[in-house]
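Chemist: Spelled out, the chains give:
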Amino acid sequence: MIIEDEQDIALLMATAMRDNGYRVVVAHDGAKGLDMALSEQPDLILLDLRLPKMSGMRVFHALREHQVDVPVVVVTAWRSQELVIEALRLGVKDYLSKPFALKDLLEVAERALTEERLRRERDALTEQLLASNQELERRARNLVLINRASTTLTSLLDAHDVLDLTVQHVVEISGADYSSALILEPDGQHARIIAEHPGRKFADLRVSLPRSPSVQRTLELGFPYAFKDATDYPILENQGQAPSLEVSSLLLAPLVARGELIGILLLASLGLPRTFSDEEMEICQTVASQAAVAVANARLLQDVQQQKRALARKTQELMEESSKLDAILSNIADGLVVIDPTGRIILSNPVFREMVGLPVDRSLRGSLLAGYFTVANLQSLVFCAQDASSQVCTENLELPDGRVLKASATAMRLQPTLLDPAQEEQIAGVAIVLRDITHEVEVDRMKTDFISAVSHELRSPLTAILGFASLIKRDINRSLSPYVDAGGKASRVIERILENITIIKNESERLTRLVNDLLDIAKMEAGQIKWQMNETDLRQVIEGAVAATAALAEEKALVTRIYLPPDGLPPICGHHDRLVQVMTNLLSNAIKFTKQGRIEVRGWRLDVDNGALHTSGPVPSVYREDAAAQSALSALPLSEGEWVVVSVVDTGIGILTEDMSLIFDKFTQVGETLTEKPKGTGLGLAICKEIIEGHGGCVWAESEYGEGSNFSFALPLQSGDSEEAEYSIEDEE
Amino acid sequence: MAKKILIADDEVYIRALLEQTLEDFEWVGVELFSASNGREAWDVVQVERPDLIILDVMMPGFSGYDVCQRIKSDPALSHAHVIMLTARGQEVDRLRSVEVGADEYVTKPFDPDYLVERATDVLGVET
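From first to last, the protein sequence lines stand for chains C and V.
Here the first sequence is numbered in the working numbering, starting from 457 and rising by one per residue.
Here the second sequence is numbered in the working numbering, starting from 15 and rising by one per residue.
Extracted from the complex, chain V is given alone in its bound form (with noise of 0.2 Å):
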């Protein structure tokens, strides 16, 4: 079964610049899914079942933290590795992150080599 990443972001250029950081993975036959907000993100969770979520914390409606909250609580979805996009590397941040249950989480502006490392570890899979 081919893995799965969601990105969700509400900015059009952060998600462009997440869609073309990890496009290559597409040639490896994981499936990218993308959603602008948080309602949209757990539409999406629950449809798709993703390996791999990457969460915009500040996004309208739903926040990361409620969608990391609802992945989290659901069993049906344990396999899924969750990354907090956050805009303050501050200590609250980290802290609520842990809270929710995020698997790891990382500041704007982040390194896009970094996230093509992280998720070819989570997915297993090389590009």
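With the rest of the complex left out, here is chain C (with noise of 0.2 Å):
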């Protein structure tokens, strides 16, 4: 715009200026052109202070008062130095002096343009950078509080305190009128209001959640979702109860912990409805994972600090039981020592300490056991405890100051448990219990000694009672038979002399038996009998008995009949005379209580193949016909492996089932004792069990009440181990 009062310098101007390709609008006077500044709005006016009607100048000031920022390119005719000083102060961009060239005016305004769109553009990128500067102030400050929320929200130790702050916060953050915090019940459709601020309307009320599967599914999700009119869903009413809450708009932000939906965060602005920004929703969803991890962590502490109180109420509990086990520990008779597989101590009682000597109150945890107790056969009792199969091992063991302490050891084994069903059966150490048997050792030893005695003393006058009779009945043999033969009432008497002095005979002869048994059977009882092991044939073993009780079959015309297997039976280990022993009193015994008949010695084999049993040769009828038989043959006590069996089998009168556990008992005859008249010293049977059982056998019987008795014994059937051999001699003082 040119404000100009002479018509041919503002039309050459304004021709200038068009030829130059701006569009040109011109006032003639001060007035005239302040109005059209105002309405037209030019990019720049070029004025000349001399002007009719207002002077340039006032113009000037005119349109600074209307604020209109447009550049000012004044022009003067005359140097009036202070004019122009004065209009550049004012904020005039810049001068033309008449007269001037077209290039300068074109230049000037150029530049004066120019200038102006570049302060035009420095303004609007000012004017941008305050406003971002705004906004990221506001959204560091959000941040800050944020923060704050979230530390404050995790170092809290409570789900409650957690959530009362979270709301707190999450209102001073996003400026919502109300905000609650949610906890879900379990069956995931309610909720419960847990926290809420400001104020207390709801307390612990329980709302329906919305059940819009899209808000469920973003909640799951980890969303917030936003209602910008919650009038249709109306979660705050209080059951129909006042008070309720007029909610306009609502914004539900889910808490979510290690994946799992525990609750929700509720932002409710009343009074307008309006939109949550994307900010909000994103500002609410940050607190809220934060509360969400701060609650589960609380809700961790307090399932762990109830952890460490019931921890801490069993340990009490295992501690009392612990004490009351050591105090039943120190208080037993018995020692006490438990190992680990490697042979060291887990645990060891004051009187196993004082056992071998050691300060009664000094812990022998973790040191090897070896160390301390070192007598022979304590190694191979471990050894044994940890193979056998639940069994207890026992074994006297001798200490050098000549005390006897009775070892049991049991292997103890780890049962797979719940924890870890996938574990084999492992065996945590050996327990071993001593007992000192040193005076029962002595006692037994004196009752030996004492049964050595009596038996001894007993022998004399039972070998000249003996000798008498029989020096009796020599003489009157020799001396009386003329009497005899002549009969009459001498004769008689005579007769009769000698049938009493027969019972005498035969009656010394039963006692001197009997002495015999006993010493036996006591010595064997003390484990005082060392066995000559040898390699024994069993043929001749049965035939030696079968020849020695021939006479007494006779008598009763009784057969005896031996049954073998083919190839014969293998040799076994033995103590041959005492086998002889066994064989001549089951067959004695067998004569004995048969009338008719006859008698059956088989023998034959038996083997033990994990558990199942295979029977070969002369097997007795009982064990080849009857289940049941065979289930008692798998009761007996023998391991895996090879037996001989010799059984012994009569038609006699049979053993009563009620008698039968006693057979094998010292002193023990059953049956009619005065009428079937056993003449035994009731020892043969418990003698035949200690030989047997000393040869690692078993014996056992069978019977059938009125028809006959088996008896039957197993030796195991050592393949070729020559080294079982011991020669040694019966230990008598």
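Everything labelled a hint here was simulated from the structure, so no lab data went into it.
Do not rely on the hints blindly, as some may be mistaken.
Ranges between beta-carbon positions, derived for each pair [unchecked claim]:
(1) C:951 - V:141: 24 to 32 Å
(2) C:1015 - V:60: 53 to 61 Å
(3) C:1007 - V:90: 20 to 28 Å
(4) V:60 - C:982: 35 to 43 Å
(5) V:106 - C:786: 42 to 50 Å
(6) C:813 - V:90: 56 to 64 Å
(7) V:90 - C:959: 45 to 53 Å
Counterexamples of contact, computed for chain C against chain V with all Cβ distances above 12 Å [to be verified]:
(8) 499
(9) 627
(10) 916
(11) 950
Positions of the beta carbon are idealized from the N, C-alpha and C atoms, including for glycine.
Since each chain comes alone in its own frame, lean on the hints to assemble the complex.
Modeler: Okay, here's the thing in structure tokens:
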């Protein structure tokens, strides 16, 4: 716009400007120029200072008063330095002095416009910068708040405190009118208000969650859901009871901990409905996730604390239990030591420590048992306990000072537990109980000595009685036979004397056998018998015993038959004479209790293989035909391996079932002893049992009352192991 | 020269029993001696040098084993046959008897007829 009163100059200027592409309006006086400047809003004003009606300076002032911030270039006809300086001070962009070249005009105009454009652009940029600065500041403030919130939240240890603070923070940060925190009920359809702010209107209110699948889905995925118009969704209505809240808009943010929706953070706007901005939703979600983590942590802590309390209680119980056990262990009379599989002591009681001569109050835990306790057999005992299946192994241990300890070792087996069912059975260690049996051993030895002495002392009178009875008989036969032949009273008396002498002789012999048996069993029981184990042919044993009892059998017209496998019986490791004693005993019993029929001796084989029984050879019918009898065999304490069995089968009076358990006991004679006249010592089978068990075998009986009996013994078959043979003598004194 | 038997036992009735058991030998000229302990038995042995000596094991002073050992270590008594009379029919006695050089051993109580049988064999004299 050109404001110029001189028509020619105005035209010239306008023409020059138009020629250079500017749109130009012209005013010829000051007032008109001001009006036009206000209405046309030009980009540049070329203002003559000398104007009619209103001077250039006044126009300029007026423009500034109207806040028209258009660049103004003043045009002045004369050199008025003061005026130009005044105009420049007031904000005029530039000046032109008349007369001016058109080139200068264009240059000035161009510069002013460019400057103005640049200024506007700068101003716009500054404004933009300020705005984004403010935005950043706001965000930073929110972040600080969120951060402060989350720091406080995560440092809180109680879920209620966490949620109380969460709702306060979220109201503070978002500027919402109301916030509450809801924790999901187990049904997933309802939630309970745990915390709210401001005020406490709905404390502990149970509310229904929105049924809408999209809402649920959104929340479950961990995103907030906003209702601009929440009037259709009356989440905060107190089940018809006042107070209720006039909620217009609603924002639900999920509380998700470890991928699970545990609750909802609710933001409500009262009054006019509003849209929640993305940022608000984001803030809300940030706080909600922090809160959820804090709640989860608080719950975890609560769990941990509960478990800690339970653990403390359990520990207390265990300590009490343990001190009880300690008291028991300290007060029992037996020594106890428990070792782990490497032989290190896990536990020992004072009695044990006293036994091995260590201070009673010293703990041996962790040290090697062998370091304190070096006696023969101990190691083998430990091995035995670890090998044997759930058995107690017992061994007498002799200490260097002469004391004798009876040690029982049991392996402690760990059963597969519920925690680790795949775990195989393991041996956790071996518990050894030690009892000082020095006194018992002494008493036992004294008993054996006593029996030896008694039996010795009994023999002399017995020798005299038996001997003189024989001599009397001899003398009568020799000197009085003529009177016997003569008949009459004297001969009858002499016959009776002879009969009575025979009774004295027989009974004395029985007494002798009793004394022998007593001595035998006393020594066997005292473990004083050292078995003379040699390779023994059972056929010889059987035949020897049959020959020894042949006279007895002949008296009763009984026949003894021997049945052996076609290839014979394999040799076993045994004490020949003792085995003959067993066979003779069994045979004479069979003969004694059998009136008619026959006696059979059957030698056969029994293999125990993985718990299964295999029999071969002339097996007695009772084990052949009857499944029940087979099961009787499997009930025997026979370990895995091969066995040779000898059975003595008779057709005698048999044994009553109720008596079966007694027959191997000492001094037991079953049946009508007075009428049956068994004439035994009552020790025969007890001795047989001792002898067979001394061979590592087992003896048993089967019987049917009135039908007959079947006595058998089994001896282990040791495959070619001649090292077992041991030459030793019986220890007498 | 007449055969001689020595009976050594500290128990009077056993001694009597042995004497009566073997008295028939006196009818065929065998001389019978008795001793009631080991010391006495050894004295008789040295003087009479019997052909058959029946020795009880358990005697006060010298035991039967001690006497037997002395007899067997004396070459002048090599002809003497010793029967040990033991109270116990146990292994240890049998082995000990063998050890001291006894010719045989008989356990108490013994059968008188058996002893007569043995004496007949050893002395080669029929009663």
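Chemist: So, for every hint listed, does it hold in this structure?
Modeler: Status of the hints after comparison with the structure:
| no. | hint | in the structure |
| --- | --- | --- |
| 1 | C:951 - V:141: 24 to 32 Å | holds (26 Å) |
| 2 | C:1015 - V:60: 53 to 61 Å | holds (58 Å) |
| 3 | C:1007 - V:90: 20 to 28 Å | violated (45 Å) |
| 4 | V:60 - C:982: 35 to 43 Å | holds (42 Å) |
| 5 | V:106 - C:786: 42 to 50 Å | holds (47 Å) |
| 6 | C:813 - V:90: 56 to 64 Å | holds (60 Å) |
| 7 | V:90 - C:959: 45 to 53 Å | holds (48 Å) |
| 8 | 499 | holds (146 Å) |
| 9 | 627 | holds (108 Å) |
| 10 | 916 | violated (5 Å) |
| 11 | 950 | holds (20 Å) |
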